[in-house]
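Each chain, written out:
Protein chains: 2
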Amino acid sequence: MEFSSKLLERAVNEMSQLPGIGKRTALRLVLHMLKQPKEQTTVLAEALQNMRNDIKFCKSCHNISDVHLCEICSNPNRDETLVCVVEDIRDVMAIENTSSFKGLYHVLGGKISPMDGIGPHDLNIISLVNKVKEGKIKELIFALSSTMEGDTTNFYIFKQIQDYKVFTSTIARGISVGDELEYADEITLGRSIVNRVPFESSLKL
Amino acid sequence: MEFSSKLLERAVNEMSQLPGIGKRTALRLVLHMLKQPKEQTTVLAEALQNMRNDIKFCKSCHNISDVHLCEICSNPNRDETLVCVVEDIRDVMAIENTSSFKGLYHVLGGKISPMDGIGPHDLNIISLVNKVKEGKIKELIFALSSTMEGDTTNFYIFKQIQDYKVFTSTIARGISVGDELEYADEITLGRSIVNRVPFESSLKL
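In order, the protein sequences belong to chains A and B.
Using the working numbering, read the first sequence as starting at 81 and increasing by one per residue.
Using the working numbering, read the second sequence as starting at 81 and increasing by one per residue.
These are computed hints drawn from the structure, not numbers from a lab.
One should not assume that every hint holds.
Intra- or inter-copy, both count: the list cannot distinguish identical chains.
[Stated by the list, open to error] In the SDA-like style, the derived pairs of lysine to any residue whose C-alpha atoms are separated by at most 25 Å in a straight line are:
| id | residue 1 | residue 2 |
| --- | --- | --- |
| 1 | K86 | K139 |
| 2 | K211 | V147 |
| 3 | K86 | I152 |
| 4 | K216 | Q129 |
| 5 | K213 | E126 |
| 6 | K182 | N155 |
| 7 | K136 | R90 |
| 8 | K213 | Y263 |
| 9 | K139 | I255 |
| 10 | K182 | M81 |
| 11 | K118 | I255 |
| 12 | K103 | Q120 |
| 13 | K239 | E266 |
| 14 | K239 | N177 |
| 15 | K103 | Q129 |
| 16 | K136 | I255 |
| 17 | K118 | H148 |
| 18 | K136 | R170 |
| 19 | K136 | E89 |
| 20 | K218 | N155 |
| 21 | K239 | A174 |
| 22 | K115 | V257 |
Please read these numbers as outputs of a predicted model, since none were measured by experiment.
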């Protein structure tokens, strides 16, 4: 792609560094900015820089926060003996949206993935193990995605904490609410049979 | 969508102002930036701001340029009697990529579209008519998209310049090279029959 302006080329190249944004999309976005008032680009650029430079991570759960201890961790109404282990802050947002969880979270920041060069020490695992060692946690819920990497990460953490007195669970795998049985994959359908729940408890939600 | 940080929320909101970027995509992009070094976000923010504040438009053809007269307009090897009228700088880039056009361009900056509140005076039409009045242009090629708005814009410009001595043409509509006839729409196929070209001239490209 040949550009008639170096400034345009640089902006397009930088935008196309973002995941899922190719050169053509980047050009479309940048040309859109050119049609908008200058202030709008300034506001966007400042919002991105402020976010990148000033954002903090909660010192307890590693969720993104504007203060040292995030709103969830500092909320006295939440059950601090119940901790849900997630991969990403997006998972925290997704679970919070359901309003069905009243415990705390622990954000790992990824999954163990040797193929991508991500080992246990690149994730927030030590602080989780330390929390378990302190003995405050009664139950740890693993809510990682059920991929090879997710299962590996679950198992690694499980091995680290198995000598301590803590109950571990994983979120239920099964047929999505509203889905047709015949279209479900065999593993999911199999698990949903093996891990069936009493009918009365399914009436609660 | 509830955010655990105001800085994050603001960055996501600003990113999602861009066309085709929803809140979820914006969040994915912003979280990606958080995983990259801070410098990368600074470079992106600066590239966008420099582009928005310092970019110039060629005073002759209205193409984006770093100088007052763009490289194409200032190139003595190009035929200034032949002008191709396009909607957008992306069209200039697309035609330049073919290396088959040696004339100059005129970028309108859009199409006449009453539905979107875009009238002739929002586009670079007056400067085009003035160029024609000066008598330097021998042929004007309309290369707008063949939509209602494109046809309206072509016709509006044609009406403005019909009293001056200039030959007007439009780019050929027809079956794309490599396409199967049976899948072409009737209008395109019809036009390709009516506007057939001598066989020998089709051998040139």
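Can you give me the call for K239 and N177, within, between, both or neither, at a CA distance of at most 25 Å?
neither (31 Å within a copy, 58 Å between copies)
Treating 25 Å as the Cα threshold, decide for K213 and Y263: within, between, both or neither.
neither (43 Å within a copy, 68 Å between copies)
Between copies, within a copy, both or neither: which fits K103 and Q120 at Cα up to 25 Å?
both (22 Å within a copy, 17 Å between copies)
Intra/inter-copy verdict for K213 and E126 if alpha-carbon distance must be at most 25 Å:
Answer is neither; intra-copy 42 Å and inter-copy 46 Å both fail.
Using 25 Å as the alpha-carbon threshold, which applies to K86 and K139: within, between, both, or neither?
Intra 43 Å, inter 17 Å, cutoff 25 Å: inter-copy only.
Go through the copies and call it for K182 and M81: within, between, both or neither, with a Cα cutoff of 25 Å.
between (52 Å within a copy, 18 Å between copies)
Have a look at K182 and N155 and pick one of within, between, both or neither, based on CA distance no larger than 25 Å.
within (10 Å within a copy, 69 Å between copies)
Between K136 and R170, at a C-alpha cutoff of 25 Å, which is it: within one copy, between copies, both, or neither?
Cα proximity of K136 and R170: one copy only (16 Å, versus 40 Å across).
Treating 25 Å as the Cα threshold, decide for K218 and N155: within, between, both or neither.
Classified as within: same-chain Cα gap 18 Å, cross-chain 75 Å, threshold 25 Å.
How would you label the pair K103, Q129 (within, between, both, or neither) given a Cα cut-off of 25 Å?
For K103 and Q129, the Cα distance is within 25 Å both inside one copy (22 Å) and across copies (18 Å).
One pair to classify: K118 and H148, alpha carbons no more than 25 Å apart. Within, between, both, or neither?
between (35 Å within a copy, 20 Å between copies)
Checking K211 and V147: alpha-carbon separation at most 25 Å within a copy, between copies, both or neither?
Within one copy, since 20 Å is at most 25 Å while 61 Å is not.
Hint compliance for this structure: hints 4, 5, 8, 9, 11, 13, 14, 16, 21 and 22 are not met, and every other hint is.
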